[in-house]
Amino acid sequence: MLDSAPMSTVPGAPVVTARGLVKRYGTFEAVRGIDLEVPAGRCFGFLGPNGAGKTTTMRMIATSSPPTKGELTVLGMPVERGREIRARMGVVPQENNLDEEITVIQNLVVYARYFDIPPSVSRPRGEELLGFVALGEKRDRMPEELSGGMKRRLLIARALISDPQVLVLDEPTTGLDPQARHLVWEKLRELKRRGVTLLLTTHYMEEASQLCDRLVIMHEGRILVEGSPRELVSREVPPQVVEALEPTPEARAQLAALEGIADHVEDLSDRVLLYGTDGEALLSKVRAIVADPSAVWLRGAGLEDVFLSLTGRRLIE
Amino acid sequence: MSAAAPSRRLLRLPDVRLRSAARLWQRNATIYRRTYKMNLLPNFFEPFLYLLAMGLGLGAYLSQVQGIRYIDFIAPGLVATAAMFGTSYDVTFNAFVKLRFGKVYDAVMSTPLTPEDIALGELLWGTTRAFIYGVVFLIIATFFGVVHSWLALLSPLAIALIGMMFSVLGLAFTAVVPLIDYFTYYWTLFITPMFLFSGIFFPLDRLPEWVQTVAWFIPLHQAVNLMRSLVLYGDLGAAAASAAWILVLTAALAVLPLNLLRRRLIR
Chain Y
1 MLDSAPMSTV PGAPVVTARG LVKRYGTFEA VRGIDLEVPA GRCFGFLGPN GAGKTTTMRM
61 IATSSPPTKG ELTVLGMPVE RGREIRARMG VVPQENNLDE EITVIQNLVV YARYFDIPPS
121 VSRPRGEELL GFVALGEKRD RMPEELSGGM KRRLLIARAL ISDPQVLVLD EPTTGLDPQA
181 RHLVWEKLRE LKRRGVTLLL TTHYMEEASQ LCDRLVIMHE GRILVEGSPR ELVSREVPPQ
241 VVEALEPTPE ARAQLAALEG IADHVEDLSD RVLLYGTDGE ALLSKVRAIV ADPSAVWLRG
301 AGLEDVFLSL TGRRLIE
Chain V
1 MSAAAPSRRL LRLPDVRLRS AARLWQRNAT IYRRTYKMNL LPNFFEPFLY LLAMGLGLGA
61 YLSQVQGIRY IDFIAPGLVA TAAMFGTSYD VTFNAFVKLR FGKVYDAVMS TPLTPEDIAL
121 GELLWGTTRA FIYGVVFLII ATFFGVVHSW LALLSPLAIA LIGMMFSVLG LAFTAVVPLI
181 DYFTYYWTLF ITPMFLFSGI FFPLDRLPEW VQTVAWFIPL HQAVNLMRSL VLYGDLGAAA
241 ASAAWILVLT AALAVLPLNL LRRRLIR
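Chain order of the listed sequences is Y and V. Here the numbering used here is used: position 253 in the first sequence is 253, and no number is missing along the way. Here the numbering used here is used: position 106 in the second sequence is 106, and no number is missing along the way.
Simulated from the structure, these hints should not be mistaken for laboratory data. Some clues are possibly wrong.
A partial selection of chain Y residues facing chain V, derived with a Cβ cut-off under 8 Å [to be verified]:
#: 1; residue: Ala62
#: 2; residue: Ser65
#: 3; residue: Arg81
#: 4; residue: Arg83
#: 5; residue: Ala87
#: 6; residue: Pro93
#: 7; residue: Gln94
#: 8; residue: Glu95
#: 9; residue: Asn97
#: 10; residue: Asp99
#: 11; residue: Glu100
#: 12; residue: Gln106
#: 13; residue: Val110
#: 14; residue: Tyr114
#: 15; residue: Ile117
#: 16; residue: Pro118
With a straight-line Cα cutoff of 30 Å, these simulated DSBU-like cross-link-like pairs (lysine-lysine) come out [unchecked claim]:
#: 17; chain 1: Y; residue 1: Lys138; chain 2: Y; residue 2: Lys192
#: 18; chain 1: Y; residue 1: Lys151; chain 2: V; residue 2: Lys103
#: 19; chain 1: V; residue 1: Lys103; chain 2: Y; residue 2: Lys192
#: 20; chain 1: V; residue 1: Lys103; chain 2: Y; residue 2: Lys138
#: 21; chain 1: Y; residue 1: Lys192; chain 2: Y; residue 2: Lys151
#: 22; chain 1: Y; residue 1: Lys187; chain 2: Y; residue 2: Lys151
#: 23; chain 1: Y; residue 1: Lys69; chain 2: V; residue 2: Lys103
#: 24; chain 1: V; residue 1: Lys37; chain 2: Y; residue 2: Lys138
#: 25; chain 1: Y; residue 1: Lys69; chain 2: Y; residue 2: Lys138
#: 26; chain 1: V; residue 1: Lys103; chain 2: V; residue 2: Lys37
#: 27; chain 1: Y; residue 1: Lys138; chain 2: Y; residue 2: Lys151
#: 28; chain 1: Y; residue 1: Lys187; chain 2: V; residue 2: Lys103
From the three backbone atoms N, C-alpha and C, an ideal C-beta is built for every residue, glycine too.
Using the sequences provided together with the hints, build the complete structure.
This is how it looks when you write it as structure tokens:
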């Protein structure tokens, strides 16, 4: 079943379309009017710090939170048709919500039943999925015996038991160690190759640039920019960055004065970032100011620089 | 907008499907099956101990109540109580743990099931547990010679009805309480007083008139009357009156836990 290309409503039709989407909790506006179009068969990312509105947006797309205002269609259906949408969607939650009282394989069989998939189908499919997420040997274990990374992979297998067209993942690797994170990434890339549309939220730049074909950066309930990771970096920031770590107050003032030579200078609490096109030239200027050579280095611009230039804040705070 | 949002209305027509609700029932049954031998054994011991202590022990002093053997008098009420306890623990503590700590309902909410399906599934499961507890108690009690009417054959139906009523009451409470500690109120202010003052252990007919008027409104009192009418008196008319009372209350309140749970889960 994993090899079959998932059927799509209309070829090339967007999986999610949002127009003027708003979500309010009392007087607090978590999402403040966003427009979105998520193409089929790709990985689409929602990037932003905690409280940006990305999880709320995902909850609305997953039909577990009704929008306050605006239009939202998922798989060609308005979100009010939650049952039908959820039947074709897999959700990987941020928090583990496995059934702790039953074994790994039973978790898959019980979950499949919610989709009206009988055990005669879900058992072999579950075995196959456990193999896919490298948990084949844990089949008869209880969830509490699994490590954090294994639980996350089991949640992914569970979300795939109904052979969904769309997989929604809320911070799929938060709290995992680097090895576990890479294993999850590998599995997600494989799913994408098989034609599953992935929607994920993250506050890791690396995760977004590794996985996402397109992404939006959200901040305070709004979408700031949208594009592919490469597009965003080349469009929004100069290509080179010189970082100076913990400069003295005098050095800090001198570095700030380089604005003009550098395209842009970002003064953060622990470091100063200088953006420009000619990185080497910038580097020698900074070296002349900062005494410690190990505290200064040159690197290419990345997504975090995009976020920083848009909000003046670091993504992980 | 937020207060009157249609998904939060209490008298909204619930988005519920029996087949989906049955899926949640199956989930609970799967877990129960893993431990049923351990779970079921106390179900047999408890009635045995009750009947022994209350019926034979206390009954040795109170040999007759209204001209009836004491054990015969209390046994039908204890069957109703067993059904009440059978579901009440499940739809309060167990359901709350699934709601708040295990996040079981959150997981189910990302499948085609709705909160109303979940609520109905829990009600049906609570009813199932009440049925098991009540029927087991009745079977044990039969060996003490307390069944005096063929109408007792209708008991399984009556026990299921009683179970449904207490499932609806308990789950509605669960859907509104913010903390697990609040269940103490449900038990000490509702379940325990009912257990003591529903006419299980002593008849209410010698108490002041107002007590009997109040008693008419007590769910467990009606359940006790229903069981006693079937098992002891063989009074079909009285049984039907109590069954109708329970049915009306259950039907009138059934929409409550469904929509309250929706309100709790959809934000």
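Structure-based check of all given hints:
With 8 Å as the threshold, the beta carbon of Ala62 of chain Y comes within range of chain V, its nearest partner Cβ sitting at about 6 Å, so the hint holds. The restraint placing Ser65 of chain Y at the interface with chain V holds, with a minimum CB-CB distance near 6 Å, inside the 8 Å limit. The beta carbon of Arg81 of chain Y is not positioned within 8 Å of any beta carbon in chain V (closest approach about 11 Å), and the interface hint is therefore violated. Contact between Arg83 of chain Y and chain V, as hinted, is supported at the beta carbon level, the nearest pair being about 5 Å apart and thus within 8 Å.
Given the 8 Å rule on beta carbons, the hint for Ala87 of chain Y holds: about 5 Å separates it from the nearest Cβ of chain V. The interface hint given for Pro93 of chain Y is met, as the beta carbon of that residue sits about 7 Å from the closest beta carbon of chain V, less than 8 Å. About 10 Å separates the beta-carbon of Gln94 of chain Y from the nearest beta-carbon of chain V, more than 8 Å, and the hint is not met. Satisfaction of the interface hint for Glu95 of chain Y is found here, the shortest Cβ-Cβ separation to chain V being roughly 6 Å, below the 8 Å cut-off.
Here the hint on Asn97 of chain Y is kept, as its CB sits about 4 Å from the closest CB of chain V, short of 8 Å. A distance limit of 8 Å between C-beta atoms decides the matter here; for Asp99 of chain Y the minimum to chain V is near 6 Å, and the interface restraint holds. The interface hint given for Glu100 of chain Y is met, as the beta carbon of that residue sits about 6 Å from the closest beta carbon of chain V, less than 8 Å. Because the closest C-beta pair between Gln106 of chain Y and chain V is about 7 Å apart, less than 8 Å, the hint holds.
Given hint, Val110 of chain Y at the interface with chain V, holds; its Cβ is 5 Å from that chain's nearest Cβ, closer than 8 Å. About 4 Å separates the beta-carbon of Tyr114 of chain Y from the nearest beta-carbon of chain V, less than 8 Å, and the hint is met. Given hint, Ile117 of chain Y at the interface with chain V, is violated; its Cβ is 10 Å from that chain's nearest Cβ, farther than 8 Å. With a cut of 8 Å, the hint placing Pro118 of chain Y at the interface with chain V is violated, because the nearest CB-to-CB distance is about 11 Å.
A hinted pair counts as satisfied when its Cα atoms are at most 30 Å apart, and Lys138 of chain Y with Lys192 of chain Y qualifies at roughly 25 Å. Under the criterion of a C-alpha separation no larger than 30 Å, the hint pairing Lys151 of chain Y with Lys103 of chain V is consistent with the structure, at around 15 Å. Annotation: proposed proximity of Lys103 of chain V to Lys192 of chain Y holds, straight-line Cα distance about 28 Å (limit 30 Å). For the given pair, Lys103 of chain V sits about 22 Å from Lys138 of chain Y by alpha-carbon distance, which is consistent with the 30 Å threshold.
Of the pairs offered as hints, the one joining Lys192 of chain Y and Lys151 of chain Y holds, with about 21 Å between alpha carbons and a cut-off of 30 Å not exceeded. Of the supplied pair hints, the one linking Lys187 of chain Y and Lys151 of chain Y holds, its CA atoms being roughly 14 Å apart against a limit of 30 Å. With a C-alpha separation of about 28 Å, the suggested pairing of Lys69 of chain Y with Lys103 of chain V holds against the 30 Å cut-off. This hinted pair checks out: Lys37 of chain V and Lys138 of chain Y have alpha carbons roughly 26 Å apart, not beyond 30 Å.
With a CA separation close to 45 Å, the supplied pair Lys69 of chain Y and Lys138 of chain Y exceeds the 30 Å bound. Distance check on the hinted pair: Lys103 of chain V and Lys37 of chain V sit about 27 Å apart at the alpha-carbon level, within 30 Å; holds. Restraint check: the Cα-Cα separation between Lys138 of chain Y and Lys151 of chain Y comes to about 11 Å, which is no more than 30 Å; the hinted pair holds. Our distance criterion of 30 Å between C-alpha atoms is met by Lys187 of chain Y and Lys103 of chain V, whose separation comes to about 25 Å.
Hint compliance for this structure: hints 3, 7, 15, 16, 25 are not met, and every other hint is.
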